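*Asks:* In case you want the letters, here they are:
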Amino acid sequence: MNSFLRIQAIFFKELMQLKRDRMTFGMVIMIPLIQLMLFGFAINTNIRHVPVGLVDQSQSGLSRVLVQTIGATQVVNFTQHYLSIREAQAAISAGEVHAVLVIPNDVSQRLVRHQSVGLGSPPASDEETSRPIAQWLVDSSDTMIASAIKGLRNMPLAELLHKPTNRSPPTFEVTLFYNPEQRTVVNIVPGLVAVILTMTMIMFTSAAIVRERERGNLEMLITTPVRSFELMLGKIIPYVFIGLVQMSIILGLGYVIFSVPVNGSLLQLGAATMLFIAASLVLGLVISTIAKNQLQSMQMTIFVLLPSILLSGFMFPYEGMPLAAQYIAEALPATHFMRLIRGIVLRDVDVFNMRFDLYWLFIFTIAGLTIASLRFKKNLD
Amino acid sequence: MSLTDKPELAIKAQQLSRNFGDLKAIQKLDLEVEKRRIYGFLGPNGCGKTTAIRMLTGLLKPSAGSINVLGLQLPQDAEKLRLKIGYMTQKFSLYDDLTIKENLKFLAKIYGLHGKKQQLRISELLDIYGLDSKANQLAGSMSGGQRQRLALAGAVLHKPELLFLDEPTSAVDPENRREFWEQLFDLCDQGTTILVSTHYMDEAERCHKLAILESGIKRADGSPDELMANMHAHVIEVVSNDIRTLKKHLIALPEIVSAAQLGARLRVLVAKKVSKPIEFLQQLPFSKSIIELAQVRPSLEDVFVTCTGEGRQ
Chain A
0 MNSFLRIQAI FFKELMQLKR DRMTFGMVIM IPLIQLMLFG FAINTNIRHV PVGLVDQSQS
60 GLSRVLVQTI GATQVVNFTQ HYLSIREAQA AISAGEVHAV LVIPNDVSQR LVRHQSVGLG
120 SPPASDEETS RPIAQWLVDS SDTMIASAIK GLRNMPLAEL LHKPTNRSPP TFEVTLFYNP
180 EQRTVVNIVP GLVAVILTMT MIMFTSAAIV RERERGNLEM LITTPVRSFE LMLGKIIPYV
240 FIGLVQMSII LGLGYVIFSV PVNGSLLQLG AATMLFIAAS LVLGLVISTI AKNQLQSMQM
300 TIFVLLPSIL LSGFMFPYEG MPLAAQYIAE ALPATHFMRL IRGIVLRDVD VFNMRFDLYW
360 LFIFTIAGLT IASLRFKKNL D
Chain B
0 MSLTDKPELA IKAQQLSRNF GDLKAIQKLD LEVEKRRIYG FLGPNGCGKT TAIRMLTGLL
60 KPSAGSINVL GLQLPQDAEK LRLKIGYMTQ KFSLYDDLTI KENLKFLAKI YGLHGKKQQL
120 RISELLDIYG LDSKANQLAG SMSGGQRQRL ALAGAVLHKP ELLFLDEPTS AVDPENRREF
180 WEQLFDLCDQ GTTILVSTHY MDEAERCHKL AILESGIKRA DGSPDELMAN MHAHVIEVVS
240 NDIRTLKKHL IALPEIVSAA QLGARLRVLV AKKVSKPIEF LQQLPFSKSI IELAQVRPSL
300 EDVFVTCTGE GRQ
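In order, the protein sequences belong to chains A and B. Mapping of the first sequence onto numbering that gives the first Met the number 0: position 56 corresponds to residue 55, and the numbering continues sequentially without gaps. Mapping of the second sequence onto numbering that gives the first Met the number 0: position 83 corresponds to residue 82, and the numbering continues sequentially without gaps.
Please note that a few of the clues may not be correct.
[As the list claims (entries may be wrong)] Derived pair list, reagent style DSS-like, types lysine-lysine, alpha-carbon separation capped at 25 Å: (1) 23/B to 11/B; (2) 23/B to 60/B; (3) 116/B to 133/B; (4) 83/B to 376/A; (5) 90/B to 376/A; (6) 23/B to 376/A; (7) 133/B to 18/A; (8) 291/A to 60/B; (9) 60/B to 376/A; (10) 34/B to 83/B; (11) 115/B to 83/B; (12) 287/B to 246/B; (13) 90/B to 291/A; (14) 116/B to 100/B; (15) 116/B to 79/B; (16) 275/B to 287/B; (17) 11/B to 27/B; (18) 158/B to 83/B; (19) 100/B to 18/A; (20) 115/B to 158/B; (21) 376/A to 79/B; (22) 115/B to 100/B; (23) 271/B to 287/B; (24) 60/B to 83/B.
[Claimed, not checked] Some chain B residues near chain A, calculated using beta-carbon distances under 8 Å: (25) 56; (26) 86; (27) 93; (28) 105.
What the hints contain is simulated information worked out from the structure, not anything from laboratory work. Since the structure is predicted, the reported quantities are computational estimates derived from the model, not experimental observations. Where is the CB? At the ideal position from N, CA and C, for every residue including glycine.
Using the sequences provided together with the hints, build the complete structure.
*Replies:* Written out as structure tokens, the structure reads:
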């Protein structure tokens, strides 16, 4: 009974302090709102309109038609014309364009001997006929841009020659589930819940105990009968609600603005989110018992936040990372929640089919709470 | 408690020591604090007053020695002690961003007070400490004196038997200080034992008993009167027309403990081994400038100076 009263005392005190701290209170709402708009509209992995240059050595009607055909794919935008290859290379290194198309002066001879003209596939050893018709010079430091241009390598030329397109069946049929239109935002919206919760939840609680220590309140608190776990629990609970509010903002607006529907059960979504919020809050508390001041706690939060964004599968697929990085990612609560929330929101999965991730978050929470309570000693030694 | 009984002790500490690395913050401190008394720790900044209080409240573990507070052994029973003691820290440690009432309500809940009892106790405290009119003001926006009263109200909310006050009046003007001490005597009268640390002489003089601390060592203890009576020096006030030179000559002598100028007079402490201090001063070769001499009643400051002098040399 008294224990409950003490937890309640700390809970209300935190709420009061939060209410008086207008800036923090505003950020609770503004962070998910603004970041959702920003990332929802901004992040796009389908690359289009890459600015490229042109070195047209043939200056023929054919080369002009070729440039128009390439432009029609919308992958690239011809923005610059250069007179020489040397000039073009300088432009690439200056960052004016990401790639340059070089059309040689014998482009028409190359084209008539090209296989797509219909003379059948020539033997690869035949130097004369197996030559490509033009060349791309690409700044390949950004792999995504490079692969977009590499996608143009086998561009069909039939249209250029006013011939019917080759309608031969592809090797594989591909059926796209859950995101048939291939919109990046579909994957971003649920992922953003994981990232923003990681950020705000860890940040709030990592500052929680440190702030009491910095302001001298801790010396008073530890002379009272309040127990460590009561203090920890009382400090965490207000933020659980804040976390749920933030999740609702992101998924709600994701549905209204970006038409990303929540396909799974809301109950399971709530349960998984609560578990993740608990894990993040507890991680924040552990930081809070280690850090000596608010600056240190902020640094440690960023230390956890960056891998949570970059390794959790939010930006880059988990499977593409080397094994060691996968192990690190596996240790982060964000990785597990990223899987869970994408599963529930996009694929309508029954979370019990993703038990491993649930268990992991649960164990993380219990272990963290134990560590935090043990580390927070009620004396000044 | 009959008069023949040994007085009940609230605190008994023996050979208490605490080191921070190489720094010996407290060395072999023996302490006996009687119940229903105000006990003072007098000493300069950094003499170990706060460290001693933190050990006696169970916040710090002693490096050596034993502590018994209200019949509980420390540090083992620290958690049990929490309900019986109140602690007012040197720095204001309630929440600046809560109002007076919210702060008290928070503490009341922490100490298990709820419902009607809580309301009654809070309005009682607001009344005693003159905070009614400011009840809904943020603690951070109050004056030093008001904050001090709030801190005291917070420390006594659960009616502790023993109250620790660490330099409670360091940020308070003399008027508020007097009032504050009146409230301490009221509490003491109601049966609370109070241990207060200070570096103000006038405050120390109000204590029933006090200990003079310097560099972690207890130099003397007893009631202010005892301390003054047992002082190892005579106090002579000298009026002279060349005080600065006289002082310079005097402090060079081994028999002179100290000489401090008070306006036109010089307060000279002459060691007890000199049996006739006035004659001793008059026969000195440079005593020509002396106009008047008188032996006066020692003050606590004189006691403090004689006790702590050796440490400074």
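*Asks:* Would you mind confirming whether the straight-line C-alpha gap from residue 90/B to residue 291/A stays at or under 25 Å?
*Replies:* Holds, because 18 Å separates the two Cα atoms, which is no more than 25 Å.
*Asks:* Checking one constraint from the list: CA of residue 100/B to CA of residue 18/A, max 25 Å. Satisfied?
*Replies:* 16 Å, holds
*Asks:* Go through the hint on residue 105/B and say holds or violated, using the shortest Cβ distance to chain A against 8 Å.
*Replies:* With Cβ-Cβ at 5 Å, under 8 Å, it holds.
*Asks:* With a cut-off of 8 Å, does the beta carbon of residue 86/B approach a beta carbon of chain A closely enough for the hint to hold?
*Replies:* 4 Å, holds
*Asks:* For the pair supplied as a hint, residue 34/B and residue 83/B, is the alpha-carbon distance within the 25 Å limit?
*Replies:* 13 Å, holds
*Asks:* Given the hinted pair residue 376/A and residue 79/B, is their alpha-carbon gap at most 25 Å?
*Replies:* 16 Å, holds
*Asks:* Has the given pair, residue 90/B with residue 376/A, been kept, meaning a C-alpha gap of at most 25 Å?
*Replies:* 21 Å, holds
*Asks:* With the threshold set at 25 Å, check whether the alpha-carbon distance from residue 287/B to residue 246/B stays at or below it.
*Replies:* Holds: residue 287/B and residue 246/B sit about 13 Å apart, inside 25 Å.
*Asks:* Quickly compare the C-alpha distance for residue 158/B and residue 83/B to 25 Å and report which way the hint goes.
*Replies:* 8 Å, holds
*Asks:* Using 8 Å as the Cβ threshold, decide whether residue 93/B counts as touching chain A.
*Replies:* Where the cut-off is 8 Å and the nearest Cβ of chain A is about 7 Å from residue 93/B, the hint holds.
*Asks:* Does the alpha-carbon distance linking residue 271/B and residue 287/B stay inside the 25 Å limit?
*Replies:* 24 Å, holds
*Asks:* Within a Cα-Cα threshold of 25 Å, do residue 116/B and residue 133/B meet the stated pairing?
*Replies:* Answer holds: residue 116/B to residue 133/B is near 21 Å, not above 25 Å.
Taken one by one, the earlier hints all hold for this structure without exception.
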